[in-house]
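Protein chains: 2
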Amino acid sequence: MKYPKKFKDLIEGFESFPGIGPKTAERLAFYAISKQSKDASLRFADSLKDAISSICECEVCGMIADESKCEICKDDTRDKKLMIVENSKDVISFEKTNAYKGKYHVLNGLISPTNGIGPDDISIDKLISRLESEQFDEIIVATSSTIDGEITAMYINKLLASKGIKTYRIGYGLPVSTDIEYVDEITLIKSLESKKEM
Amino acid sequence: MKYPKKFKDLIEGFESFPGIGPKTAERLAFYAISKQSKDASLRFADSLKDAISSICECEVCGMIADESKCEICKDDTRDKKLMIVENSKDVISFEKTNAYKGKYHVLNGLISPTNGIGPDDISIDKLISRLESEQFDEIIVATSSTIDGEITAMYINKLLASKGIKTYRIGYGLPVSTDIEYVDEITLIKSLESKKEM
Chain A
1 MKYPKKFKDL
11 IEGFESFPGI
21 GPKTAERLAF
31 YAISKQSKDA
41 SLRFADSLKD
51 AISSICECEV
61 CGMIADESKC
71 EICKDDTRDK
81 KLMIVENSKD
91 VISFEKTNAY
101 KGKYHVLNGL
111 ISPTNGIGPD
121 DISIDKLISR
131 LESEQFDEII
141 VATSSTIDGE
151 ITAMYINKLL
161 ASKGIKTYRI
171 GYGLPVSTDI
181 EYVDEITLIK
191 SLESKKEM
Chain B
1001 MKYPKKFKDL
1011 IEGFESFPGI
1021 GPKTAERLAF
1031 YAISKQSKDA
1041 SLRFADSLKD
1051 AISSICECEV
1061 CGMIADESKC
1071 EICKDDTRDK
1081 KLMIVENSKD
1091 VISFEKTNAY
1101 KGKYHVLNGL
1111 ISPTNGIGPD
1121 DISIDKLISR
1131 LESEQFDEII
1141 VATSSTIDGE
1151 ITAMYINKLL
1161 ASKGIKTYRI
1171 GYGLPVSTDI
1181 EYVDEITLIK
1191 SLESKKEM
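Chains as they are written, first to last, in this note's numbering: chain A, 1 to 198; chain B, 1001 to 1198.
Everything labelled a hint here was simulated from the structure, so no lab data went into it.
Here a beta-carbon is modelled for each residue, glycine too, at the ideal position from N, C-alpha and C.
Certain hints may be false.
Claimed, not checked - Residues from chain A shown here face chain B by an in silico Cβ test under 10 Å; the list is partial:
{"id": "1", "residue": "LEU10"}
{"id": "2", "residue": "GLY13"}
{"id": "3", "residue": "THR24"}
{"id": "4", "residue": "GLU26"}
{"id": "5", "residue": "ARG27"}
{"id": "6", "residue": "SER41"}
{"id": "7", "residue": "LEU42"}
{"id": "8", "residue": "LEU48"}
{"id": "9", "residue": "SER54"}
{"id": "10", "residue": "ILE55"}
{"id": "11", "residue": "ALA65"}
{"id": "12", "residue": "ASP66"}
{"id": "13", "residue": "ALA99"}
{"id": "14", "residue": "TYR182"}
{"id": "15", "residue": "LYS196"}
What the hints assert, rightly or not - Only pairs whose alpha carbons sit at most 30 Å apart, straight line, appear in this in silico BS3-like list of lysine-lysine:
{"id": "16", "chain 1": "A", "residue 1": "LYS23", "chain 2": "B", "residue 2": "LYS1101"}
{"id": "17", "chain 1": "B", "residue 1": "LYS1096", "chain 2": "A", "residue 2": "LYS38"}
{"id": "18", "chain 1": "B", "residue 1": "LYS1096", "chain 2": "B", "residue 2": "LYS1190"}
{"id": "19", "chain 1": "B", "residue 1": "LYS1035", "chain 2": "A", "residue 2": "LYS6"}
{"id": "20", "chain 1": "A", "residue 1": "LYS89", "chain 2": "B", "residue 2": "LYS1005"}
{"id": "21", "chain 1": "B", "residue 1": "LYS1006", "chain 2": "A", "residue 2": "LYS81"}
{"id": "22", "chain 1": "B", "residue 1": "LYS1023", "chain 2": "A", "residue 2": "LYS35"}
{"id": "23", "chain 1": "A", "residue 1": "LYS69", "chain 2": "B", "residue 2": "LYS1035"}
{"id": "24", "chain 1": "A", "residue 1": "LYS8", "chain 2": "B", "residue 2": "LYS1002"}
{"id": "25", "chain 1": "A", "residue 1": "LYS2", "chain 2": "B", "residue 2": "LYS1049"}
{"id": "26", "chain 1": "A", "residue 1": "LYS195", "chain 2": "A", "residue 2": "LYS101"}
{"id": "27", "chain 1": "B", "residue 1": "LYS1038", "chain 2": "B", "residue 2": "LYS1008"}
{"id": "28", "chain 1": "B", "residue 1": "LYS1035", "chain 2": "A", "residue 2": "LYS5"}
{"id": "29", "chain 1": "B", "residue 1": "LYS1005", "chain 2": "A", "residue 2": "LYS80"}
{"id": "30", "chain 1": "B", "residue 1": "LYS1005", "chain 2": "A", "residue 2": "LYS101"}
{"id": "31", "chain 1": "A", "residue 1": "LYS166", "chain 2": "A", "residue 2": "LYS190"}
{"id": "32", "chain 1": "A", "residue 1": "LYS38", "chain 2": "A", "residue 2": "LYS6"}
{"id": "33", "chain 1": "B", "residue 1": "LYS1069", "chain 2": "B", "residue 2": "LYS1081"}
{"id": "34", "chain 1": "B", "residue 1": "LYS1008", "chain 2": "A", "residue 2": "LYS81"}
{"id": "35", "chain 1": "B", "residue 1": "LYS1002", "chain 2": "A", "residue 2": "LYS38"}
{"id": "36", "chain 1": "A", "residue 1": "LYS49", "chain 2": "B", "residue 2": "LYS1005"}
{"id": "37", "chain 1": "B", "residue 1": "LYS1101", "chain 2": "B", "residue 2": "LYS1158"}
{"id": "38", "chain 1": "A", "residue 1": "LYS96", "chain 2": "B", "residue 2": "LYS1038"}
{"id": "39", "chain 1": "A", "residue 1": "LYS96", "chain 2": "B", "residue 2": "LYS1035"}
{"id": "40", "chain 1": "B", "residue 1": "LYS1006", "chain 2": "A", "residue 2": "LYS49"}
Looking at chain A on its own, in the form it has when it is part of the complex (with noise of 0.2 Å):
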């Protein structure tokens, strides 16, 4: 006696999530299917295919959007700067911190050579057309200080530094609230470096 097939297909297909094993796909599986969730399960699944079907990169910025160009790349009001970023979630990040007003490029991806990603696989053919026809004041590079991140920031400083474009990167330093004895050597370097008259 195994699961009949149609549930069997359902535990697989929570499983082809990132992070759920086996054991969480089948108690999300009897979640969905129970009397006092099916409801809910019904309208996200609906939610799902709606989703999938109309959610897409807005054609300026590469930011996930409902339209073919987002509310950002909409809105004329913004400062004249740009920020570089590697995805959508990062958009949100730095608009959640109210202290930049300036437009958007998402990345959708970071430069990998360990990936096998290559500066064509990410948005920067996109974002050096954009920089011919629209006019910024500053251009700030928000990769993370990963590996990848430091390379694709060093990458479009390069491309943009032949082209005669100043670009600035988002200081390195502690985290706010951190104690320094969980700090890595290297960011305390970074600190001291950025260090500010107080």
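Chain A is fixed; fit chain B onto it per the hints.
Only chain B this time, still in chain A's reference frame:
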């Protein structure tokens, strides 16, 4: 700027599942709509709708099924034994052992005074009417050794005893491959009580 409405709905859909927090839900939603997994996500949405509309409980034993009667209840070659379990998962667990060839009765719940779940909320009346029409040589109560599992086992034992039906409880003791150092006292006492000549 926030995520597009349909994408936010999708995140909330993932979040409605148990054990999935906002961060994981966001990650799963991005994965679901990404280019490389769009097709799999559409199949998953269909399989979810399909499972909800076609999966039911076996009208005899309460096991998850895709027909009115499950495979085990349809199988007349099974031993004339009945094992009473909490849910369909437990049936699969015992089936995997290949040590039990009888039938099952799935309670689809446990009596739980702390959660306000009484005998009428689980499949006990169905068990009683089943025992009136079907003949079994042995009845084994295989609920968990948790408080709710024990309360349920005791309730069923008392109820069936009043009808002159004898029940067995699965054995307590040391789980296999377990270091005694990590076993609680009550389990050790139970393992002494159930000692066997070697």
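Okay, the hints, checked on the actual structure:
Contact between A/LEU10 and chain B, as hinted, is supported at the beta carbon level, the nearest pair being about 4 Å apart and thus within 10 Å. With 10 Å as the threshold, the beta carbon of A/GLY13 comes within range of chain B, its nearest partner Cβ sitting at about 4 Å, so the hint holds. A distance limit of 10 Å between C-beta atoms decides the matter here; for A/THR24 the minimum to chain B is near 7 Å, and the interface restraint holds. With a least beta-carbon distance of about 7 Å to chain B, the hint placing A/GLU26 at the interface is held under the 10 Å criterion.
Against a cut-off of 10 Å between C-beta atoms, the interface hint on A/ARG27 holds, since the closest Cβ of chain B lies about 7 Å away. A distance limit of 10 Å between C-beta atoms decides the matter here; for A/SER41 the minimum to chain B is near 6 Å, and the interface restraint holds. Proximity of A/LEU42 to chain B holds as hinted, the smallest CB-CB distance being about 6 Å (cut-off 10 Å). Against a cut-off of 10 Å between C-beta atoms, the interface hint on A/LEU48 holds, since the closest Cβ of chain B lies about 4 Å away.
Hint status for A/SER54 relative to chain B: holds, with the closest Cβ pair at about 6 Å, below 10 Å. Because the smallest distance between the Cβ of A/ILE55 and any Cβ of chain B comes to about 5 Å, under 10 Å, the interface hint for this residue holds. The interface hint given for A/ALA65 holds, since its Cβ lies 6 Å from the closest Cβ of chain B, which is under the 10 Å cut-off. For A/ASP66, the shortest C-beta to C-beta distance to chain B is roughly 4 Å, which falls under 10 Å, so the interface hint holds.
For A/ALA99, the suggested interface contact is broken, since its CB lies about 13 Å from the closest CB of chain B, more than 10 Å. The beta carbon of A/TYR182 is not positioned within 10 Å of any beta carbon in chain B (closest approach about 21 Å), and the interface hint is therefore violated. For the restraint placing A/LYS196 at the interface with chain B, the shortest Cβ-Cβ distance is roughly 30 Å, beyond the 10 Å limit, so the hint is violated. Straight-line distance between C-alpha atoms of A/LYS23 and B/LYS1101 comes to about 25 Å, which keeps the hinted pair within the 30 Å bound.
Annotation: proposed proximity of B/LYS1096 to A/LYS38 holds, straight-line Cα distance about 28 Å (limit 30 Å). Distance hint between B/LYS1096 and B/LYS1190 is fulfilled; the C-alpha atoms sit about 25 Å from each other, no more than 30 Å. The hinted pair formed by B/LYS1035 and A/LYS6 meets the criterion: a straight-line CA distance of about 25 Å does not exceed 30 Å. The suggested pairing of A/LYS89 with B/LYS1005 holds, with an alpha-carbon distance near 15 Å, which does not exceed 30 Å.
With a C-alpha separation of about 28 Å, the suggested pair B/LYS1006 and A/LYS81 falls inside the 30 Å cut-off, and the hint holds. Only pairs whose Cα atoms come within 30 Å are accepted, and B/LYS1023 paired with A/LYS35 is accepted, the gap being roughly 27 Å. Between A/LYS69 and B/LYS1035, the direct Cα distance comes to roughly 19 Å. Compliance with the 30 Å bound is thereby established for this hinted pair. This hinted pair does not check out: A/LYS8 and B/LYS1002 have alpha carbons roughly 36 Å apart, beyond 30 Å.
Proposed proximity of A/LYS2 and B/LYS1049 is supported: the alpha carbons are some 21 Å apart, at most 30 Å. For a cut-off of 30 Å, the pair hint linking A/LYS195 to A/LYS101 stands: about 25 Å separates their Cα positions. Straight-line distance between C-alpha atoms of B/LYS1038 and B/LYS1008 comes to about 17 Å, which keeps the hinted pair within the 30 Å bound. Restraint check: the Cα-Cα separation between B/LYS1035 and A/LYS5 comes to about 28 Å, which is no more than 30 Å; the hinted pair holds.
In summary, the hint linking B/LYS1005 to A/LYS80 is supported, as the alpha carbons are separated by about 27 Å, within the 30 Å threshold. A threshold of 30 Å between alpha carbons decides the hint, and for B/LYS1005 with A/LYS101 the separation of about 21 Å falls inside it, so the pair holds. Restraint check: the Cα-Cα separation between A/LYS166 and A/LYS190 comes to about 22 Å, which is no more than 30 Å; the hinted pair holds. With a CA separation close to 15 Å, the supplied pair A/LYS38 and A/LYS6 stays within the 30 Å bound.
Of the pairs offered as hints, the one joining B/LYS1069 and B/LYS1081 holds, with about 18 Å between alpha carbons and a cut-off of 30 Å not exceeded. The suggested pairing of B/LYS1008 with A/LYS81 holds, with an alpha-carbon distance near 27 Å, which does not exceed 30 Å. Between B/LYS1002 and A/LYS38 the CA atoms are separated by roughly 29 Å; this keeps the pair inside 30 Å, and the hint holds. For the given pair, A/LYS49 sits about 14 Å from B/LYS1005 by alpha-carbon distance, which is consistent with the 30 Å threshold.
Among the hinted pairs, B/LYS1101 with B/LYS1158 is consistent with the structure: their alpha-carbon atoms are about 26 Å apart, no more than 30 Å. A distance of roughly 28 Å separates the Cα atoms of A/LYS96 and B/LYS1038; the hinted pair therefore holds under the 30 Å criterion. In summary, the hint linking A/LYS96 to B/LYS1035 is supported, as the alpha carbons are separated by about 27 Å, within the 30 Å threshold. Between B/LYS1006 and A/LYS49, the direct Cα distance comes to roughly 10 Å. Compliance with the 30 Å bound is thereby established for this hinted pair.
The structure is inconsistent with the numbered hints 13, 14, 15, 24, although it conforms to all the rest.
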